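A.B. asks: Sequential numbering from 4 applies to the sequence shown in this note's numbering.
Calculated directly from the structure, the hints in this document are not laboratory data.
All figures in this text were calculated on a predicted structure; none of them were measured in a lab.
Think of the CB as a built atom: it goes at the ideal place given N, C-alpha and C, for glycine as much as any other residue.
A hint or two may mislead.
[Stated by the list, open to error] Ranges between beta-carbon positions, derived for each pair:
1. TRP196 with LEU175: 28 to 34 Å
2. LYS198 with VAL167: 45 to 51 Å
3. VAL108 with ASP137: 39 to 45 Å
4. HIS208 with GLN172: 30 to 36 Å
5. ALA143 with TYR168: 48 to 54 Å
6. LYS123 with ILE146: 56 to 62 Å
7. ILE146 with ARG111: 49 to 55 Å
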Amino acid sequence: MGNVQRSEKNFEEARNLSPIEEESESMLCFKEMYQSSNFSESEERGYKMIRSPYKECQKTLRKMEEAEASGDNDEAETGLRDKSLKTTVEQLKRRLSQAEREIVVLKRHQSPQKCQSHEKCEILHRDLLTWRDDHEKRIASQIVRWQMAERRRLHDEMESTRKVYDNIQRYLETLEKRSVKSYLDFRRQIDVWEKRLKEDVINLHESSLMELCDQFRAW
Numbered sequence: 004m005g006n007v008q009r010s011e012k013n014f015e016e017a018r019n020l021s022p023i024e025e026e027s028e029s030m031l032c033f034k035e036m037y038q039s040s041n042f043s044e045s046e047e048r049g050y051k052m053i054r055s056p057y058k059e060c061q062k063t064l065r066k067m068e069e070a071e072a073s074g075d076n077d078e079a080e081t082g083l084r085d086k087s088l089k090t091t092v093e094q095l096k097r098r099l100s101q102a103e104r105e106i107v108v109l110k111r112h113q114s115p116q117k118c119q120s121h122e123k124c125e126i127l128h129r130d131l132l133t134w135r136d137d138h139e140k141r142i143a144s145q146i147v148r149w150q151m152a153e154r155r156r157l158h159d160e161m162e163s164t165r166k167v168y169d170n171i172q173r174y175l176e177t178l179e180k181r182s183v184k185s186y187l188d189f190r191r192q193i194d195v196w197e198k199r200l201k202e203d204v205i206n207l208h209e210s211s212l213m214e215l216c217d218q219f220r221a222w
């Protein structure tokens, strides 16, 4: 029983000496900063080196709490716990000191200036995406307006061309009608001239024949 009490006392002292629970919140906050930032490979390895002993510490404490809560008073297991307790506490202390040093190093690498630069980059990225979307929308609307304007222009030109064609067609029909009328008038005039010429020729021949007959009579 004395060994059990000493083990419990040493375990409580180990829990009081190790500030893992106090560092857990800072570790979670630092993890969020890590996930929201772009770490280099060396920083990522440092973070994994911290997380690995921290997880092992949690597993060790969890096993010790389960062993304490189980109420197992077996003397062999109690002696084994007593022997390994000091070693475990020393290992936890060394790992905790190493983790604290690595946290300080990582905090130096993850400076507020880097966080501000990352936030500015995010803002610029969002602004760039917004500008690109607005620019694409303006280009699309401009293309639609240009297509509609071109369609109206082509339609107006086709209408104007059709009107000109209709005017030319009507003018040709008018010329054709006038040509037919002129031809008929000219043909009638030619017929009149031919008839008049025939009459003149006949009259001339008759007068010449009469004169010739008169001359024969005079002889």
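A.B. asks: Each hint should be assessed against the structure and marked as holding or not.
C.D. replies: These are the hints, each one checked on the structure:
One distance hint, 28 to 34 Å for the beta-carbon pair TRP196 and LEU175, holds here, with the actual separation near 31 Å. Between LYS198 and VAL167 the C-beta distance comes to about 46 Å, which sits within the given range of 45 to 51 Å. Distance hint for VAL108 and ASP137: a CB-CB separation of about 44 Å, consistent with the stated range 39 to 45 Å. At about 53 Å, the CB distance of HIS208 to GLN172 disagrees with the hint of 30 to 36 Å.
Checking the proposed 48 to 54 Å range against ALA143 and TYR168 shows it is violated: the Cβ atoms sit about 37 Å from each other. Judged by the Cβ atoms, the range 56 to 62 Å given for LYS123 and ILE146 is violated: they are separated by roughly 34 Å. Between ILE146 and ARG111 the CB atoms are about 53 Å apart, so this pair conforms to the stated range of 49 to 55 Å.
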